[in-house]
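> Single-letter residue listing:
2 protein chains.
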Amino acid sequence: MSMQLRSVVKDNGELELSLASVPVPVPADNEVLVRVEATPINPSDIGLLFGAADMSTATHADTPGGPVITARVPEKAMKGMMARVNMPMPVGNEGAGTVVGAGRSEAAQRLLGKTVAVLGGAMYAHYRCVPVEQCLELPAGASPAEGASSFVNPLTALGMVETMRREGHKALVHTAAASNLGQMLNRICLAEGIGLVNVVRSEEQVRLLKEIGATHVCNSASENFMQELTDAIAATGATIGFDAIGGGRLAGQILSAMEAAIGRSAKEYSRYGSTTLKQVYIYGGLDMRPTEIIRDFGMTWSMGGWLLFPFLQKVGPERVAQLKQRVANELKTTFASHYTNVISLQEALRPDVIAAYLKRSTGEKFLINPWKDAPPVN
Amino acid sequence: MSMQLRSVVKDNGELELSLASVPVPVPADNEVLVRVEATPINPSDIGLLFGAADMSTATHADTPGGPVITARVPEKAMKGMMARVNMPMPVGNEGAGTVVGAGRSEAAQRLLGKTVAVLGGAMYAHYRCVPVEQCLELPAGASPAEGASSFVNPLTALGMVETMRREGHKALVHTAAASNLGQMLNRICLAEGIGLVNVVRSEEQVRLLKEIGATHVCNSASENFMQELTDAIAATGATIGFDAIGGGRLAGQILSAMEAAIGRSAKEYSRYGSTTLKQVYIYGGLDMRPTEIIRDFGMTWSMGGWLLFPFLQKVGPERVAQLKQRVANELKTTFASHYTNVISLQEALRPDVIAAYLKRSTGEKFLINPWKDAPPVN
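Chains F and B supply the protein sequences, listed in that same order. Position one of the first sequence corresponds to residue 1 (our numbering), numbered consecutively onward. Position one of the second sequence corresponds to residue 1001 (our numbering), numbered consecutively onward.
None of these hints come from the bench; they were simulated from the model. Here the structure is a predicted model, which is why all the values come from computation and not from measurement. Don't be surprised by glycine CBs; every beta carbon is placed ideally from N, CA and C. Treat the hints loosely; a few may be bogus.
Quick list of simulated restraints, FRET-style, between CB atoms [as the list claims (entries may be wrong)]:
| no. | chain 1 | residue 1 | chain 2 | residue 2 | range |
| --- | --- | --- | --- | --- | --- |
| 1 | B | 1213 | F | 215 | 58 to 64 Å |
| 2 | B | 1083 | F | 226 | 39 to 45 Å |
| 3 | B | 1224 | F | 86 | 41 to 47 Å |
| 4 | F | 47 | B | 1137 | 36 to 42 Å |
| 5 | F | 10 | B | 1083 | 32 to 38 Å |
| 6 | F | 267 | B | 1224 | 49 to 55 Å |
| 7 | B | 1056 | F | 168 | 39 to 45 Å |
| 8 | B | 1213 | F | 10 | 46 to 52 Å |
| 9 | F | 270 | B | 1350 | 27 to 33 Å |
| 10 | F | 326 | B | 1213 | 28 to 34 Å |
| 11 | F | 317 | B | 1272 | 17 to 23 Å |
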């Protein structure tokens, strides 16, 4: 037997997180069995884990089957949960581990014993069985921890640069820029000579990014933030931004600063503002408050959601394969990730640990090693 | 001599509106001289008229040259006015009148004596000289007042329907729907069998739209507004909206209602919401407060600015000519406008009248007849 972390929203308005005992899966012909040794807690996992539950109501119980977390889902939020009610859902977008079993196909057999990264969901578990195509073979010498975040952050960072180019912009703004993802984006932009305006929220984060070579870093906590942001945007010519925050004024401020930067070289008055399209994509929700937009940037603007998977679909499998290969090639450099905490599946369900990773502090990053505590007897 | 209304933002932070005495222009070969007899005050004129001035500080003086209005532009708003500082700007996007002079070209000569609508700016004047291409010959029997609003509202309404189709939507939502523009859009949608959700803000406006045959009318002042909006959106399948308000929560509420309507037929849970693109375009700013977006509609959404002129450029001159011809053909039916007040150029600069048209109440619509008061001696 092995364990798998599951999240269920019950029809009584309760969220329950637990570790289910499940048989070790058996790979089909073109599948491999991966012993999951490292799987990160990404912001994109948090939504599935906790749904709309109010985690301040969370209680913890130790049962014979392991820890169980229970929390209330506010009644008005249950409407949005309807499609997942009473369905225990496994969690964990990505991870890495060792191929310990393989189906009969040549491609599957070839991976036996290899360290692979997997994008497949349900990675918060001891084992995961996936088709060969969902694996990325890691370069020799790369550990599961080094490969655990091979997909979501690297492909998102590459996707931002590619979206920028495809939509006709030449430089970009990025918020929460001190994150693992932000550091990857900074390295990509430095390597390719792309103008990047990094927005962070503390002087410590400014230093961190400067240390890894960032050219433009603006601190949203600075008194002169708008001035500094406008200067950096004017210097780079950025007309597209990717915002991980979502709530509050920051997304709108980026549009305002873009318009002000464009206005510095405007030759004639237009009552509708500049005719340059200013685009901000919100790709995360670190701040769940409403987005507040002060519309002082004319009429040529757009704000919208951006997600990795529709982007991958749009560019097509051939391009995705190229991007993945680049990630593998540069895993220890451009796409290196850093973790501050390595926890077990059991620890992932401890209230104090949940509180810590729910804070989503930039610089704090949790990695689950399912084998850290009391591995099950096979 | 003749008069022309002008707006200037001075470098001392003062807005000044006045009537300038200008020579009657002389048409070039391919131009006509139009005696302007009717020109509407559109929301799109208000921005140029008053800039960022605080009209609560307005003062009025009677000078030998006519009335002069002066008001303060708040210091922080002057930044956005830089490109027009110290440049007296004529105002008035559109209007209609009689061709009283013509250049030597056949096309110009052919218009002599005809009633034409003109889209050309600077229409708040006794005379306007424009190239023949900027004129739309009105059908026999149409008065200047009937043709005064032949461009901005009709082409905007047609542009919304065309944008809906070009971007792959099948029904639309429109706010401030009891306006002249809203009534035109309602007539177009009824004629073409397009689903339209009209959003208004009073029961009186609900009645007005029901009387002209509207199928779906939602009152944003209703207690059950979100429920009613969602029902109407579900009934029509609307996934695009055009919002004249801009400020407050309405634009975001439309996205929320679209997502809720789509969710009613959702088959499986997606943590990122539906994959149907939900689009709201803000095309006006009746409410200048910040736009507040509660992001409870997943990640597949977009909000942005929409303007008539970029739309006309995008569809190209051939299509624009077709749209204009349709407006002329249906001027007294689909594209009929209603005015509650007809004022002179002098009255347009009276503080009590300014206060009235600045209120931008739906149903209140002002038309300027430059010849109403004391016509100048030629």
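> Indicate, hint by hint, whether the structure satisfies it.
Consistency of the hints with the structure:
1. Residue 1213/B and residue 215/F have their C-beta atoms about 60 Å apart, which keeps the hinted 58 to 64 Å range intact.
2. In this structure, residue 1083/B and residue 226/F break the distance hint of 39 to 45 Å, their C-beta atoms being roughly 20 Å apart.
3. Between residue 1224/B and residue 86/F the CB atoms are about 29 Å apart, so this pair departs from the stated range of 41 to 47 Å.
4. The hinted range of 36 to 42 Å is not satisfied by residue 47/F and residue 1137/B, whose Cβ atoms lie roughly 59 Å apart.
5. With their beta carbons about 60 Å apart, residue 10/F and residue 1083/B fall outside the hinted range of 32 to 38 Å.
6. Take residue 267/F and residue 1224/B: their Cβ atoms lie about 51 Å apart, and the range 49 to 55 Å holds.
7. Hint check: residue 1056/B to residue 168/F, Cβ distance near 42 Å, so the stated range 39 to 45 Å holds.
8. For the pair residue 1213/B and residue 10/F, the supplied restraint of 46 to 52 Å holds, since their beta-carbon distance comes to about 48 Å.
9. Take residue 270/F and residue 1350/B: their Cβ atoms lie about 29 Å apart, and the range 27 to 33 Å holds.
10. Taking the beta carbon of each, residue 326/F and residue 1213/B are about 58 Å apart, not inside 28 to 34 Å as hinted.
11. Checking the proposed 17 to 23 Å range against residue 317/F and residue 1272/B shows it holds: the Cβ atoms sit about 21 Å from each other.
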